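K.L.:
Note that the numbering used here has the sequence shown beginning at 6, numbered continuously upward.
If you are wondering where the hints come from, they were derived from the structure by calculation, not from laboratory data. None of the values given here were measured: they were computed from a predicted structure. The hints are all genuine.
Per label pair, the in silico range of CB-to-CB distance: (1) 21 <-> 41: 20 to 30 Å; (2) 21 <-> 44: 13 to 23 Å; (3) 43 <-> 18: 23 to 33 Å; (4) 13 <-> 47: 19 to 29 Å; (5) 42 <-> 11: 39 to 49 Å.
A virtual CB, placed ideally from N, CA and C, is assigned to each residue, including glycine.
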Amino acid sequence: MSDISDNIYNAMGVAFSLLNGYIANYAYYLKEIKGDDGWNPFKGIFTK
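Throw the hints in and build the complete structure from the sequences for me.
P.N.:
Below, the structure written as structure tokens:
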């Protein structure tokens, strides 16, 4: 039983790390390429 819960925690950790990496890269893109110095890293992710 503990193997299953360990796998779930590992998967959640990987997903969280990937999400943080995506947000950090997108925030860097907004700052360097678009010139947007806003504080909101989610700006523009969910809109077209």
